[in-house]
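Residue numbers (the numbering used here), protein chains in the order written: chain Y, 1 to 417; chain X, 1 to 364.
Heads up, a few of these hints could be off.
Here are a few chain X residues that sit away from chain Y, every Cβ distance over 12 Å (derived from the structure) [unchecked claim]:
#1 Asp-150
#2 Val-162
#3 Arg-286
#4 Ile-291
Listed next, the in silico SDA-like pairs over lysine to any residue satisfying Cα-Cα at most 25 Å (straight line) [claimed, not checked]:
#5 Lys-289/Y <-> Thr-16/X
#6 Lys-118/X <-> Thr-37/Y
#7 Lys-289/Y <-> Asp-10/X
#8 Lys-87/X <-> Pro-57/X
Hints in this document: simulated from the structure, not taken from any laboratory.
Since we're looking at a predicted model, the values are computed, not measured.
For glycine and all other residues, C-beta sits at the position ideal for the given N, C-alpha and C.
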Amino acid sequence: MTDITALDAPTAPVAFVGRRWHLFGLVLRNSLFNLLTLGIYRFWAKTRLRRYFWHGVAIDGEALEYTGRPVELLIGFLIVLAVLVPLGIVYSGFGAFLAANDTVAASFLDFAYLGVLFVLTPYALYRARRYRLTRTLWRGVRCGQDGSPVRYAFLSIGLWLLNLITLGLAYPWMRTVLQRFRMNNTRFGNRHFKFDGTGGALFLFWLPVVVCVFGGTALVLLGLWEPLKFAFEHIELFEEDVLSVIPSETFDRMQLSIGGALLVLAAILLFSYRVREFRYFASVTRLGKAEFRSQLRLARVLLIGLGYYALLALMLLIVLVLVGGLAIGFETGTETASPVLSENQAAALGFATLLLYLVALPAVKYVAFYHPLVRHASGTLQVSNMDHVATIVQEVHDQPRYGEGLADALDADVGVF
Amino acid sequence: MSEFAASYNDGRTAATRPVRVRIDALGLDIRDEAGAPVARWPAEEVHLVDRPGAGRPIRLMRDFEGGERLLVTDHRALAHLQENCPKLGRMLPGLSRHWRPILMWAAAAAVAVVLIFKVVIPATADFVARAIPAETEEAFGAALAEQVVDFLAARSSSGAAVCTGAAGMAGLAEIVRRLEGPAASHVPITVRVLDLPVVNAFALPGGQILVFRGLIDFAHGPEEVAGVLAHEMAHVVRRHPVQIWVKVAGAGALIGLLVGDVTGGAVIAGVAEIMLRASYSQELERQADAIALDLLAAAEIDAGPLADFFDRLPGIAEELEGILSALSTHPPSPQRSAMIRANGQRLGQALSPEQWRALGRICD
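The following block holds chain Y by itself, in its conformation from the complex (with noise of 0.2 Å):
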């Protein structure tokens, strides 16, 4: 079902050109103007970021451009507050209100909040997309977007809700029905792409991972159900050391470590079917004749995101050390003539520290993670009949002026892609 067959047309290759050390650079320098000016900084790093990796993907040695301006970004974001903010803060009261006199109602309005939320964020994220795609260019031809924000939000939720109701097995259809009506709304110049998959042919390989995630987490409530028992008759030792009170021999060792190893599975498991569906879906996607092709490799990127965590537990542990030993370094020294640092001394470099690791954070996110994970998923990837592209016509259409006003309101994980 998911065997891939290989291109027996000509192919032209993907690539993505950039340098590492120029995008840690660019990212500490978005993260540090970002906190200096409070946040508006962020349409301009986030357009920076994307310039440098669409400007990097080149196909057949052509690159692709962004041509998102930040004042766009700027201007969406400012509607959505002039409009959005005053129907919040109505809210706000209105639940204020609701809470002191209606426990229940205000329970109630939480829930409903959040399923507004639910509602209005696939619908800003089809929407952002669509501001994405309008900027994005390949020899001066601009893709695009069509497709009502509006049925797309309506699809997400119910299957949403369906995935739910099966308890997870209906994953690998919701992503493909997503996938479908995202891709065949989507356009280069006047051609739109066209997506055949099914979710069918994933299932196979999702299936293990609900199995382990289930298994996994029945066998460790199991190995902890007779200590949790234990704790629950004795609570009154619960002024005392907890772990040590509860003796060792309910703790099942055999069943925690199954279902450890098990959820541990269920990680690599879930990577893999990542690698596979990304794989999938790009064999089952055409534009026009234009066929594409991924080989991209789960040992890869298995070992970028070790490398990436490795690298983050690496600062966090800096980190700790640092304001830890600053900690110490004030102890000591009080219990001596003259404390090595003042209390304030400590208090500013320990701040200073935990800035620098917030700043530090997002640059390593980027050059540990996504550019090697975009490089890689680049260097795989082939296209195939690219003179037949050549024949595609640009398409004067409607393009939204200002963009992801409300999927930034909303917290929504638009991102960088």
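For chain Y, the structure is supplied; the task is to place chain X on it using the hints.
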């Protein structure tokens, strides 16, 4: 030699064709392999698409609209381009095309934000505070007070939280009675003294006022305690505790929106929230001070000692200088005592000396 090989996209289709480009002072003369003219780009309309780097061809666009593109692989062309095309390095159209909508929407947003902070949030808070029925507020406040008392009891040295000395309670009740009349509160006033050496007092919703033993010990006379009680009763009457709660929730939501989806945004929002809470609360404290003076005057209690009280009040005012005082929930004490001296009336005693001594022993 200012003629170079290039690839050209006409912006109408995705086709690319090899061309030869001549760069001169007039601009770019683009011709095909046979020499037939393909396009002419005026010099001022030639822009780089992105910064040329090693391994990348030079990408050029014509003006900022349309899809005409030129790809030059020979980097020697760059010098010629820089010489002849004045706007080569300008890769974005600049704000001049957008200033009108930016200004309009920025102004609208700024007006909306200011209106919300200054008018909508306080009005909503006021409305909510008033709309809550007195019985509900009472019940809520009583429950909250119980929780607070339990919480503090765990930290008190004697284990018991509330002080119950009968004579002292009588003295307190006397002061409260004199102030309650003019206050005309919508909920009954309940005052409790907590056995902790803290110099503080606060009002919870529903007329629940908690005073710490430390404050009574710190006071030099009953008029000071009466002044503090009048201040807390002013909070109750104006329903400040509920108002603060609504304002902070609303403002917090607004700040979250403003700061948006940015790493470290939570830190920024948190700090901003603290400052907002402080600013809203300082305003309410000033109101409470003013009303307290009215109550004291109506109860014929001398307001002067209250000013002395603030003068002696230690710590926070001195430690937080300048900008940092904006973080405190109370205005700086010197400001408060000055205001009281300017506006307070010097009238009578709050309690007799024996009653005052009894009050001092309320926790024994």
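Are the Cα positions of Lys-289/Y and Asp-10/X separated by 25 Å at most? holds, 22 Å
Outside-interface status for Val-162/X - nearest CB in chain Y farther than 12 Å: Non-interface label on Val-162/X holds, nearest chain Y Cβ at 24 Å vs cutoff 12 Å.
Claimed clearance of chain Y by Arg-286/X, with the beta carbon kept past 12 Å: Per Cβ check, Arg-286/X is outside 12 Å of chain Y; nearest 23 Å; holds.
Hinted pair Lys-289/Y and Thr-16/X, Cα distance within 25 Å: This hinted pair holds, its Cα atoms lying about 18 Å apart.
The output says Asp-150/X does not contact chain Y. Does that hold with a beta carbon cutoff of 12 Å? With a cut-off of 12 Å, Asp-150/X remains clear of chain Y, as the shortest Cβ separation is near 17 Å.
Take a quick look at Ile-291/X and tell me if its Cβ sits farther than 12 Å from every Cβ on chain Y, holds or violated. Given a closest Cβ separation of 23 Å, the condition holds.
Verify the proposed pairing of Lys-118/X with Thr-37/Y, using a straight-line Cα cut of 25 Å. The given pair, whose Cα atoms are some 23 Å apart, holds under the 25 Å limit.
Pairwise hint evaluation, Pro-57/X against Lys-87/X, where the allowed Cα distance is 25 Å at most: Judged against 25 Å, a Cα distance of about 19 Å means the pair holds.
Of the numbered hints stated above, none is contradicted by the structure.
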